[in-house]
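These protein sequence lines map, in sequence, to chains A and B. Heads up: the first sequence at position 78 corresponds to 77 in numbering that gives the first Met the number 0, and the numbers run straight through without jumps. Heads up: the second sequence at position 85 corresponds to 84 in numbering that gives the first Met the number 0, and the numbers run straight through without jumps.
The hints are simulated quantities; they were obtained by calculation from the structure and are not laboratory data. Please read all numbers here as calculations on a predicted model, not as lab measurements. A virtual CB, placed ideally from N, CA and C, is assigned to each residue, including glycine. Among the hints, a few may not be true.
[To be verified] Label pairs and their computed distance ranges (CB to CB):
no., chain 1, residue 1, chain 2, residue 2, range
1, A, R66, B, V285, 51 to 57 Å
2, B, T284, A, R66, 17 to 23 Å
3, A, T119, B, V285, 57 to 63 Å
4, A, K81, B, T289, 46 to 52 Å
5, B, D73, A, H231, 45 to 51 Å
6, A, A124, B, F122, 42 to 48 Å
7, B, T218, A, P221, 46 to 52 Å
8, B, S128, A, S23, 34 to 40 Å
9, B, R126, A, F104, 27 to 33 Å
10, A, F104, B, P187, 18 to 24 Å
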Amino acid sequence: MSFHAAALSFSYGLHNAAFELPPSGFVTIAGPNGAGKSTLLGILAGLRHPYKGECLYRGVEIRRWRRLEFSRKVAFLPQSMKLEFPFTAEQVVFMGRAPYADGWFESQEDHAAVARAMSTTDTHAFAARDFRTLSGGEKQRVILASALAQEPETLLLDEPTTFLDLKHQLAMYHLLAGLAKRMLVVAVTHDLNLALRYSDYTIVLDAGRIAAQGRPEDALSPPVIDHVFGVHATLRDGWLTYDA
Amino acid sequence: MTRSLWISIAILIAVAIAAPLIGSSHIELRRALAGISPDHEIFFYARLPRVLLALLAGAALSLTGVLFQCLLRDPLAEPYTLGISSGGSVGAVIGICFGLPFIGLLSLAGAGAALLIVLWIAFEGRRLSSFTLLLAGVTMNSISLAIVLFLHNLASFSQSFAISRWLMGGLDAVEYSTLAWLAVAVVPVCALVIARSRQWNLLAVGEEWASSRGLSTTTYTVLGYVAGSFLTGIVTSLTGPIGFVGLIVPHALRLKLGADHRMLMPCSFLLGAAFLAVCDTLSRTVIAPTEIPVGVVTALAGGPFFIWLLRSKRRSLWL
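Using the sequences and the hints, build the whole thing.
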């Protein structure tokens with residue numbers, strides 16, 4: 000087990016949540032705007048505190064984890080990133096090695112981990128480019144590479160496909176599903192079809208409460224979607240279609 | 000990349016040797032070193048202390064510029080953004096108006112008070128909000144300016160002249176003991192700041208970014224602001240506010256070296272020192288024997304260069 004939450008609440012946005020997540024697999028968090036998805040993800044990332052109730056990672060309360068230790072296990076990807084300074088894509092990826100840094104310069108292992116992360120995300124081609132000149136999809140892959148360079152056991156992503164076109168959305172989900180074979184991937188998403196298609200487990204939030212959770216085809220069943228999103232949906236051949 | 004570091008060191012050494020030899024009256028190094036002579040007096044008591052002050056002040060101000068730009072994630076930040084030096088000016092102007100001794104120490108006290116006030120404003124619980132800090136700094140600058148104008152208005156003619164000279168900022172020959180104190184205060188703090196360059200890299204991206212990579216962001220943020228304010232406060236207590244150094248040196252170097260603070264910070268330290276010493280040499284020589292306030296030179300020499308940078312072909316990559 001990786002995360003274990005019981006009676007988990009946060010001042011605004013989350014009430015009485017309880018769930019257990021496995022050590023590997025692809026978990027999606029879905030729900031309408033303002034349902035508390037990002038709040039929940041932020042708590043799991045150790046970035047939102049103080050929370051009330053229980054939220055353990057590997058049996059230890061998240062607030063009790065030392066930040067440095069925690070950052071070697073759990074990597075967090077923001078929805079987007081605006082840089083003010085001309086860091087190159089490669090420098091951004093190298094920042095993922097910060098939890099392992101013990102010197103002024105990067106070690107051999109740092110270089111190896113960065114090379115692996117950049118291969119996985121196919122970002123070598125623009126390693127030397129100014130991060131700010133990259134397209135939305137390229138930026139997203141570089142941020143993912145930076146998180147993978149942390150060599151985490153758990154990857155938390157806040158709407159990783161928001162700024163991606165259709166092809167890159169599918170590629171991103173394909174990549175995440177591949178990673179989920181050896182680590183826990185938790186992604187907040189608005190795209191229910193991608194959640195349905197690629198994830199193993201889905202948590203549906205509604206107004207700060209968990210409305211449904213389980214296998215995506217159960218958690219995202221048409222009655223739940225009707226109730227939570229107020230949209231009438233039909234499930235056909237594994238794809239959801241919506242009535243306007 | 001280390002090549003840039005060696006070039007910076009070479010430039011600094013060249014400037015440090017040349018600057019004290021150049022001035023309104025011609026001197027020879029051999030005679031200056033030989034012993035009692037007018038050359039000796041000019042070299043050791045008029046020029047060298049002043050060049051050393053320029054080096055220390057320039058180094059501290061440009062390093063602080065890099066640090067504040069990073070912590071506030073604002074390319075337009077400079078050492079004076081937080082209102083520390085204008086707090087210092089209030090201290091100095093109060094001293095001048097009431098005829099108190101130790102104007103430098105009063106300026107330092109004013110700077111310290113300003114730092115405490117803006118930190119108090121910007122702390123929200125246990126978190127420090129950079130955005131609030133920025134606004135607090137702007138407000139601190141306006142309030143300080145108002146107090147300075149008010150006191151200036153009440154001051155006598157000679158006090159008024161002293162206030163104007165202070166506010167212009169300038170370098171004067173100071174005692175070697177003062178320089179020693181300044182060096183003891185400035186160099187270790189700068190070294191500590193530079194040693195944390197990897198951490199500043201993370202904070203330059205963002206606080207969540209740094210936090211999710213294992214950094215105690217509040218500790219580092221507060222440490223950075225206190226260190227930068229200390230450097231600014233102590234330098235401006237001796238020189239008054241010298242503008243532009245903390246803005247132009249970091250930006251010019253960022254264009255050349257990129258954003259990695261491990262290169263940017265040491266090079267800003269070295270070349271900031273060289274830049275201010277060059278500006279000071281210009282201020283002593285351009286219309287000698289009259290001196291131009293060094294703040295005027297930094298702005299007049301730096302300003303057009305800065306505009307050229309803004310207009311240059313790489314600007315699209317830069318802003």
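Taking the hints in turn, this is what the structure says about them:
1. A/R66 - B/V285: 51 to 57 Å: 53 Å, holds
2. B/T284 - A/R66: 17 to 23 Å: 53 Å, violated
3. A/T119 - B/V285: 57 to 63 Å: Holds - the Cβ-Cβ distance for A/T119 and B/V285, about 59 Å, lies within 57 to 63 Å.
4. A/K81 - B/T289: 46 to 52 Å: 48 Å, holds
5. B/D73 - A/H231: 45 to 51 Å: Because 48 Å falls inside the window, the suggested range holds.
6. A/A124 - B/F122: 42 to 48 Å: 44 Å, holds
7. B/T218 - A/P221: 46 to 52 Å: 50 Å, holds
8. B/S128 - A/S23: 34 to 40 Å: 38 Å, holds
9. B/R126 - A/F104: 27 to 33 Å: The hinted range 27 to 33 Å holds for B/R126 and A/F104, with Cβ atoms some 32 Å apart.
10. A/F104 - B/P187: 18 to 24 Å: 23 Å, holds
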